[in-house]
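Visitor: Residue strings, one per chain:
Number of protein chains: 4
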Amino acid sequence: MPLKPPLIVLNMKSYQESSGENGLNLAKICEEVARENGVSIVVCPQQVDLTYICKNVTIPCLAQHIDPIESGGYTGWISPISAKNSGIKGSLINHSEHRMILADIDLLIRRLRSLDLISIVCTNNEATSRAVAELRPDFVAIEPPELIGTGVSVSSAQPEVVSGTVNSVKSIDSDIKVLCGAGISNGIDVRSAIDLGTDGVLLASGVVKAKDQREALLDLISLI
Amino acid sequence: MPLKPPLIVLNMKSYQESSGENGLNLAKICEEVARENGVSIVVCPQQVDLTYICKNVTIPCLAQHIDPIESGGYTGWISPISAKNSGIKGSLINHSEHRMILADIDLLIRRLRSLDLISIVCTNNEATSRAVAELRPDFVAIEPPELIGTGVSVSSAQPEVVSGTVNSVKSIDSDIKVLCGAGISNGIDVRSAIDLGTDGVLLASGVVKAKDQREALLDLISLI
Amino acid sequence: MPLKPPLIVLNMKSYQESSGENGLNLAKICEEVARENGVSIVVCPQQVDLTYICKNVTIPCLAQHIDPIESGGYTGWISPISAKNSGIKGSLINHSEHRMILADIDLLIRRLRSLDLISIVCTNNEATSRAVAELRPDFVAIEPPELIGTGVSVSSAQPEVVSGTVNSVKSIDSDIKVLCGAGISNGIDVRSAIDLGTDGVLLASGVVKAKDQREALLDLISLI
Amino acid sequence: MPLKPPLIVLNMKSYQESSGENGLNLAKICEEVARENGVSIVVCPQQVDLTYICKNVTIPCLAQHIDPIESGGYTGWISPISAKNSGIKGSLINHSEHRMILADIDLLIRRLRSLDLISIVCTNNEATSRAVAELRPDFVAIEPPELIGTGVSVSSAQPEVVSGTVNSVKSIDSDIKVLCGAGISNGIDVRSAIDLGTDGVLLASGVVKAKDQREALLDLISLI
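Protein chains in written order, with my numbering: chain A, 1 to 224; chain B, 1 to 224; chain C, 1 to 224; chain D, 1 to 224.
Everything labelled a hint here was simulated from the structure, so no lab data went into it. Keep in mind that the hints are not guaranteed to be accurate.
[As the list claims (entries may be wrong)] Below are the BS3-like pairs computed for lysine-lysine, each with C-alpha atoms no more than 30 Å apart in a straight line:
(1) A/28 - B/89
(2) B/170 - B/89
(3) D/55 - C/209
(4) C/28 - D/28
(5) A/4 - A/211
(6) C/89 - D/170
(7) B/4 - B/55
(8) A/55 - B/170
(9) D/170 - A/170
(10) C/209 - C/170
(11) B/170 - B/55
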């Protein structure tokens with residue numbers, strides 16, 4: 001598996017600072033920081049930039065979302081196989097800004113696995129994390145919605161949610177990896193996430209909207 | 001405006017035959033056929049390929065769909081500005097495989113115009129075509145859903161729907177252009193669409209799934 | 001037609017103050033005020049109360065929403081015919097809290113008409129009001145979303161939107177009636193709505209959440 | 001708990017045969033058959049008939065669906081508290097014809113419990129049944145979508161799916177009851193469902209669309 005923990009997963013969302021050439025620049029910064037520091041950084045480019053950015057960086061790229069469809073007459077939707085053709089290594093599933101129905105989460109996890117793609121399923125609390133763990137994704141990413149975009153990190157504000165989720169998920173299947181997200185913005189947040197037993201973090205605005213994106217990334221990985 | 005009627009708009013949908021490198025090859029075939037024959041061909045690449053294909057062809061590219069959001073924390077959605085940054089000239093809106101609520105159709109038409117992007121709004125009958133015309137898009141594309149993907153062309157099966165729509169739309173605003181779609185697969189279909197007063201056609205499987213895509217395109221434009 | 005302008009349409013929404021027996025009490029207050037004052041008041045009970053309230057009052061009841069389905073295997077959805085069987089006289093369509101896709105608005109207007117039911121289609125601005133008018137509903141109800149629930153009435157805050165909508169809609173089809181909503185809470189709001197050319201108002205919290213619902217209703221109709 | 005296994009849950013869906021007075025008649029047949037034979041029969045009336053039917057029968061009624069909202073400005077949606085006010089004892093959640101996002105399934109189970117209402121969460125396979133069991137509903141109802149409405153019963157066509165689901169769910173929490181659905185139409189189907197370890201069945205067309213609904217019901221319970 002190309003995604004060695006601890007993992008920094010950078011979700012570019014739909015910000016202007018990560019769109020088009022800005023997105024490629026940000027992906028290249030991640031690539032350099034990863035190589036120079038020997039850390040695992042993964043980027044989730046904007047959907048329209050996926051093929052373009054995958055072709056221009058060597059670090060793993062993930063889709064932010066994939067639709068539960070097969071190839072065919074589905075105008076404006078993204079099939080797993082078209083996503084794979086873009087060059088991605090996997091996808092986020094069920095992000096809090098793009099929730100999915102349960103049967104589709106199950107379907108997509110199995111579909112991605114059959115295509116040799118990694119699944120990272122986002123959850124909002126410990127109960128839904130256990131539920132998702134029963135579907136055997138590669139990763140569960142716990143993100144309490146009330147902390148997303150706040151700068152208040154889940155690992156400091158709700159450490160018991162993070163460690164509880166790690167324990168719950170690992171007790172169902174110890175092969176499933178756990179990320180935590182929401183409010184992650186500096187090295188201390190990442191360090192405490194790792195100390196709570198996670199395999200890495202999922203973050204967005206802390207780097208995308210930073211005045212100096214490289215500096216923000218370097219700070220993030222400083223205590224790994 | 002770079003989109004001179006009669007217009008051939010090729011919607012690549014989510015077929016494997018139009019995904020990734022297949023999509024780029026198909027776009028290049030369209031580019032060559034357009035240049036060599038002096039006709040207007042526009043392609044709608046798959047969403048993940050938009051930036052990649054826009055950078056590699058000179059014919060206009062359109063998005064198959066854009067979401068009614070601004071830039072920001074919208075994981076896996078496509079904002080108008082991110083779509084514009086990919087290099088597109090406009091977008092399909094409200095395709096029958098990706099319907100939108102009325103208020104969002106209105107919002108997107110105005111948003112695209114403010115970004116100097118073309119809007120092509122799909123409709124399913126004459127009444128909804130009149131409704132959309134009141135929102136002043138650049139194009140209305142009438143596609144009776146029951147004919148999509150059948151190979152039975154709307155221009156031959158329901159000529160009165162096509163001409164009725166042209167008359168209705170032009171009587172509301174003569175600047176709005178009308179395309180017709182559904183079942184278009186050969187030069188006769190295109191010719192009769194033009195003879196019924198349309199400004200071109202919207203099609204997909206007739207070319208994407210053709211054994212020889214170039215030949216299918218050449219046949220399509222043979223009677224223009 | 002049993003709905004003689006000026007019309008007061010009271011949308012009960014999902015408030016506790018209008019749920020179950022509270023909803024029946026409120027409908028009975030409307031019935032008494034309507035009869036005693038010779039005004040047309042129509043109520044939109046909560047969905048689960050529709051049959052119950054329709055059977056217990058004589059004023060017209062409308063559904064708050066109907067789903068674009070036929071009878072059949074549609075668990076938890078409401079078909080036009082099941083709605084009709086409840087005893088309603090018509091339905092709101094496309095309320096700002098329950099938007100619908102354009103093709104379904106068109107379908108429902110025609111389906112309700114075939115069942116001899118009244119359609120009141122909500123819109124958010126003058127452009128979408130014109131669009132809806134092309135679909136020939138019985139009523140268009142213009143409600144600028146930014147004013148809903150504010151207590152600032154559309155007829156005083158945006159009189160030009162109201163009169164512009166009336167003119168636009170009537171110029172498309174003078175048989176279509178126009179209501180206005182958003183922020184309507186007293187007799188002056190209703191009076192100015194009528195003076196701006198509307199056929200009545202659509203309101204909710206101004207009566208449902210009033211300390212004394214009867215008094216609020218009496219005030220509303222005081223200047224008709 | 002008023003719902004003693006084995007349980008027959010009759011989902012009225014949106015059929016004409018179960019709408020309005022037809023729905024009340026069907027509920028009364030269920031009431032008589034339950035009383036005369038000492039079996040537990042529960043009905044899920046159509047949404048618009050909920051309050052009306054709950055007030056007129058003594059057997060437990062369930063909603064077919066509830067929306068994940070609180071009381072308030074939600075036109076055309078059904079809040080848990082409004083549903084409770086109708087007189088129901090609980091609700092189906094996530095029926096295959098009305099799927100929900102994972103976070104909302106979790107929210108609704110907890111919300112219904114806080115209102116002392118029963119939750120029956122529908123699932124499509126063994127994996128999603130385990131996932132739902134982690135959310136601790138009162139019931140899981142496994143219904144392979146490909147068998148719904150076919151008359152081919154899940155208990156005969158896929159007995160290993162039923163028993164596997166029973167084992168999986170009970171191993172997560174032995175207090176969770178399991179129903180099975182899809183294709184259930186006679187007493188043998190019900191008997192084999194019970195023999196496979198379930199606490200009852202969920203069915204619809206087998207009774208709703210039967211020529212003689214009472215006879216169909218009597219046959220269903222004949223081997224309990």
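Visitor: Output the numbers, in ascending order, of every earlier hint that fails for this structure.
Guide: 6, 8, 10, 11
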